[in-house]
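First to last, the protein sequences are chains A and B.
Number 332 in this note's numbering belongs to position 109 of the first sequence; there are no gaps in the numbering.
Number 452 in this note's numbering belongs to position 271 of the second sequence; there are no gaps in the numbering.
Because the hints were derived from the structure by calculation, they are not lab data.
Take the hints with a grain of salt, since some may be wrong.
[To be verified] Across the chosen pairs, the derived CB separations fall in these ranges:
{"hint": "1", "chain 1": "B", "residue 1": "377", "chain 2": "A", "residue 2": "303", "range": "28 to 36 Å"}
{"hint": "2", "chain 1": "A", "residue 1": "278", "chain 2": "B", "residue 2": "517", "range": "14 to 22 Å"}
{"hint": "3", "chain 1": "A", "residue 1": "379", "chain 2": "B", "residue 2": "343", "range": "16 to 24 Å"}
{"hint": "4", "chain 1": "A", "residue 1": "285", "chain 2": "B", "residue 2": "377", "range": "42 to 50 Å"}
{"hint": "5", "chain 1": "B", "residue 1": "244", "chain 2": "A", "residue 2": "257", "range": "31 to 39 Å"}
{"hint": "6", "chain 1": "A", "residue 1": "360", "chain 2": "B", "residue 2": "334", "range": "22 to 30 Å"}
{"hint": "7", "chain 1": "A", "residue 1": "255", "chain 2": "B", "residue 2": "343", "range": "49 to 57 Å"}
From a predicted model like this one, the values you see are computed outputs, not experimental measurements.
Ideal Cβ positions, reconstructed from N, Cα and C, are used throughout, including at glycine.
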Amino acid sequence: MAEAVATTPLPRPRHVGMSPIAWLAAPALLLFVIFFVLPFGTMALFSFLSGNPVANPNVTFTLRHYERFLSDSLYFESLVATLRIGFVTTLVSLLIGYPLAHWMARMHSRVGHAMLLMAVIAPMLTGIVVRTFAWMTLLQDSGVINTTLVSLGWTDGPVRLMYNEFGTVVALVHIYVPYMVLTLTGVIGRIDERLEQAARNLGANRFRAFIEVTLPLSLPGILAGSLLVFALSISAYVTPFLMGGTDVLTLPMLIYQQVGSSFNLGFAGALGVILLAVSLLVVFAYNHVLGRFAGGEKMA
Amino acid sequence: MLRKSVTRRRLMKTGAGLAAMAAFGAPAILHAQARTLKITTWGGKWGEIMKGEVLPAFEKEHGCTVQADQAFPFVPKLQASPRNDPIYDVLHTNSNEQWKCVVEGLVVDKLDARAIPNLKDVYPYAVSDKIVGVSIFTSAIGLGYRTDKGLAKPTSWKDLADPKLAGQRGGYLIPVNSLGQAHLMMLGKIYGKGFDDLDAAYKALEALKPIKLYDFTGQMEKALLSAEVSVGVIHDSGIYRYDGTNQPVDFAIPSEGVIALEQVLNITPGTRVKELANAYIDYMLRPDVQKKLAEGVWYSPSNTKVKLDAKYDARLFNTPEKVAKLIQMDWKWYNERKDDIDLRVARILRG
Numbered sequence: 224m225a226e227a228v229a230t231t232p233l234p235r236p237r238h239v240g241m242s243p244i245a246w247l248a249a250p251a252l253l254l255f256v257i258f259f260v261l262p263f264g265t266m267a268l269f270s271f272l273s274g275n276p277v278a279n280p281n282v283t284f285t286l287r288h289y290e291r292f293l294s295d296s297l298y299f300e301s302l303v304a305t306l307r308i309g310f311v312t313t314l315v316s317l318l319i320g321y322p323l324a325h326w327m328a329r330m331h332s333r334v335g336h337a338m339l340l341m342a343v344i345a346p347m348l349t350g351i352v353v354r355t356f357a358w359m360t361l362l363q364d365s366g367v368i369n370t371t372l373v374s375l376g377w378t379d380g381p382v383r384l385m386y387n388e389f390g391t392v393v394a395l396v397h398i399y400v401p402y403m404v405l406t407l408t409g410v411i412g413r414i415d416e417r418l419e420q421a422a423r424n425l426g427a428n429r430f431r432a433f434i435e436v437t438l439p440l441s442l443p444g445i446l447a448g449s450l451l452v453f454a455l456s457i458s459a460y461v462t463p464f465l466m467g468g469t470d471v472l473t474l475p476m477l478i479y480q481q482v483g484s485s486f487n488l489g490f491a492g493a494l495g496v497i498l499l500a501v502s503l504l505v506v507f508a509y510n511h512v513l514g515r516f517a518g519g520e521k522m523a
Numbered sequence: 182m183l184r185k186s187v188t189r190r191r192l193m194k195t196g197a198g199l200a201a202m203a204a205f206g207a208p209a210i211l212h213a214q215a216r217t218l219k220i221t222t223w224g225g226k227w228g229e230i231m232k233g234e235v236l237p238a239f240e241k242e243h244g245c246t247v248q249a250d251q252a253f254p255f256v257p258k259l260q261a262s263p264r265n266d267p268i269y270d271v272l273h274t275n276s277n278e279q280w281k282c283v284v285e286g287l288v289v290d291k292l293d294a295r296a297i298p299n300l301k302d303v304y305p306y307a308v309s310d311k312i313v314g315v316s317i318f319t320s321a322i323g324l325g326y327r328t329d330k331g332l333a334k335p336t337s338w339k340d341l342a343d344p345k346l347a348g349q350r351g352g353y354l355i356p357v358n359s360l361g362q363a364h365l366m367m368l369g370k371i372y373g374k375g376f377d378d379l380d381a382a383y384k385a386l387e388a389l390k391p392i393k394l395y396d397f398t399g400q401m402e403k404a405l406l407s408a409e410v411s412v413g414v415i416h417d418s419g420i421y422r423y424d425g426t427n428q429p430v431d432f433a434i435p436s437e438g439v440i441a442l443e444q445v446l447n448i449t450p451g452t453r454v455k456e457l458a459n460a461y462i463d464y465m466l467r468p469d470v471q472k473k474l475a476e477g478v479w480y481s482p483s484n485t486k487v488k489l490d491a492k493y494d495a496r497l498f499n500t501p502e503k504v505a506k507l508i509q510m511d512w513k514w515y516n517e518r519k520d521d522i523d524l525r526v527a528r529i530l531r532g
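All chains, full assembly: derive it from the sequences and hints.
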């Protein structure tokens with residue numbers, strides 16, 4: 224009997240209801256439903272309807288908005304441009320953000336850390352439109368950089384620094400680098416420094432210790448920061464609109480045109496669904512590839 | 182601290198009290214709702230005058246409240262609201278958007294002249310067959326230019342294509358801006374057989390490259406003021422509003438004529454305050470209101486009886502001879518082709 228009692232596994236505690244802690248997530252869940260699920264659901268529904276059901280009860284289901292997307296290569300080109308701008312912005316943000324985040328995470332001086340943190344966060348206290356206009360005053364033909372170059376005689380005329388993808392990416396990187404840095408700092412800060420020291424004690428130089436130890440352990444931060452910056456970049460509207468001129472045409476710009484100027488909610492909805500679907504595919508692929516580097520596990 | 186326990190009797194008393202309040206108060210609340218006029222209006226200097234003077238005076242005169250939406254774009258919000266309870270009672274937009282709205286049944290196709298007495302005093306262009314509703318003001322789209330760049334004052338729309346202006350000329354993102362759309366039609370007229378000659382317009386647009394394009398007139402103003410652009414398509418109001426500020430910019434009226442940028446008011450068919458909506462349009466056409474706004478933002482008034490001060494009178498389009506120079510575009514025609522035009526111009530202007 225005593226043996227039977229000893230070998231019988233303890234009964235699992237019965238869950239009589241949701242944990243009180245779980246209820247704290249309810250407001251966030253509600254916000255997610257109200258501000259993402261419902262709007263996206265409505266947008267997706269509109270993309271399959273022949274008209275506006277609010278005005279016309281006789282609307283029917285149709286695929287014509289998606290057929291329109293496939294009918295002209297300009298739409299596909301704008302999707303590619305959107306993803307390209309997203310990739311480049313993410314990569315440059317990572318290259319700029321990683322060393323800064325590493326420096327912040329390893330800084331022992333509290334004052335120094337606070338100063339760096341302020342420097343990273345300070346630009347976020349200004350609106351995106353203001354920051355973009357600031358870049359315009361720097362990069363435009365009559366801007367600070369071109370005026371200086373011309374006055375020094377280094378160029379005959381203004382160099383084309385904006386109204387193209389270059390200017391767009393520069394402004395986007397400036398806007399989104401803080402998101403990358405803040406995400407990476409948290410992850411790198413939690414990596415035990417002694418692991419790196421152990422690698423060096425075993426003969427690895429600084430670079431190799433970083434490549435073999437710190438970098439793999441910081442992959443979750445790279446993934447999270449990259450996804451955040453990528454998502455923000457491909458959905459950016461104001462900056463590509465102001466900095467890109469006629470050279471840049473992204474899907475968010477097309478969506479705005481359809482909603483705000485052509486008043487075609489169905490096609491705008493279809494473009495939104497396509498952008499989300501393609502972005503999710505890219506995110507899954509990125510997650511998969513990065514997971515392999517991290518040891519065969521999926522990371523998010 | 183006085184504590185009262187909740188008893189069944191007290192609860193019933195409170196409930197009865199609330200029910201009585203609701204029964205007697207509801208008509209008053211409904212009445213208050215019925216006297217609210219929902220409109221759209223612009224921001225900036227126009228919005229300041231409207232919210233500071235014009236709308237409070239109307240509210241006082243008619244014992245109502247005016248809810249003014251300044252958050253553009255208005256049409257998608259109107260599209261999303263029920264037809265029998267629209268988000269706006271009076272829609273103020275440019276003419277191209279009114280034509281889109283009338284096709285979708287979002288605004289009425291004709292205003293009731295008996296309910297808006299001031300309609301009889303407007304210039305014919307303000308209620309022409311190119312307008313849905315009534316144009317309460319217009320500005321004139323022509324060419325703005327810098328006076329400090331040694332440029333001759335433009336005399337023709339063709340002057341914008343001057344090779345010397347490569348990279349220094351400005352226009353609009355045609356898919357999102359009606360000035361850009363109107364300019365495209367004008368190119369068809371200048372270089373082709375008419376405003377509907379799109380092939381000629383596309384060819385002329387190609388010849389304007391490199392051109393800096395903006396999404397709204399405020400940005401074009403800034404581009405001209407900062408010398409980012411030396412000559413650009415803009416309405417007269419966007420230049421004249423800097424009168425007296427010593428900015429080296431001026432407005433040129435091309436010999437082929439200027440394009441009317443009409444400020445149009447119209448009523449939504451489902452409005453529950455039709456009388457008040459008509460009264461508002463009539464009020465906006467009143468000579469004293471027209472004078473205040475015309476001189477505040479340099480818009481040409483539609484009412485023939487408006488007497489402007491000398492400096493405004495000299496420049497704005499407020500006589501039969503002057504308004505004859507205004508060219509009105511066929512926005513119904515344009516809107517029907519907008520998607521194809523957007524695709525074509527995007528290809529022309531990219532790269």
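Structure-based check of each hint:
In this structure the hint that residue 377 of chain B and residue 303 of chain A lie 28 to 36 Å apart at CB holds, the actual value being about 34 Å. Between residue 278 of chain A and residue 517 of chain B the beta carbons are some 19 Å apart, a value that agrees with the proposed interval 14 to 22 Å. Remark: the range hint 16 to 24 Å for residue 379 of chain A to residue 343 of chain B is upheld by a beta-carbon distance near 20 Å. For the pair residue 285 of chain A and residue 377 of chain B, the supplied restraint of 42 to 50 Å is violated, since their beta-carbon distance comes to about 30 Å.
Taken as a hint, the range 31 to 39 Å holds for the pair residue 244 of chain B and residue 257 of chain A, whose Cβ atoms sit roughly 37 Å apart. A beta carbon spacing of about 28 Å between residue 360 of chain A and residue 334 of chain B agrees with the range 22 to 30 Å that was offered as a hint. Taken as a hint, the range 49 to 57 Å holds for the pair residue 255 of chain A and residue 343 of chain B, whose Cβ atoms sit roughly 55 Å apart.
In this structure, only the earlier hint numbered 4 is contradicted, and the remaining ones agree with it.
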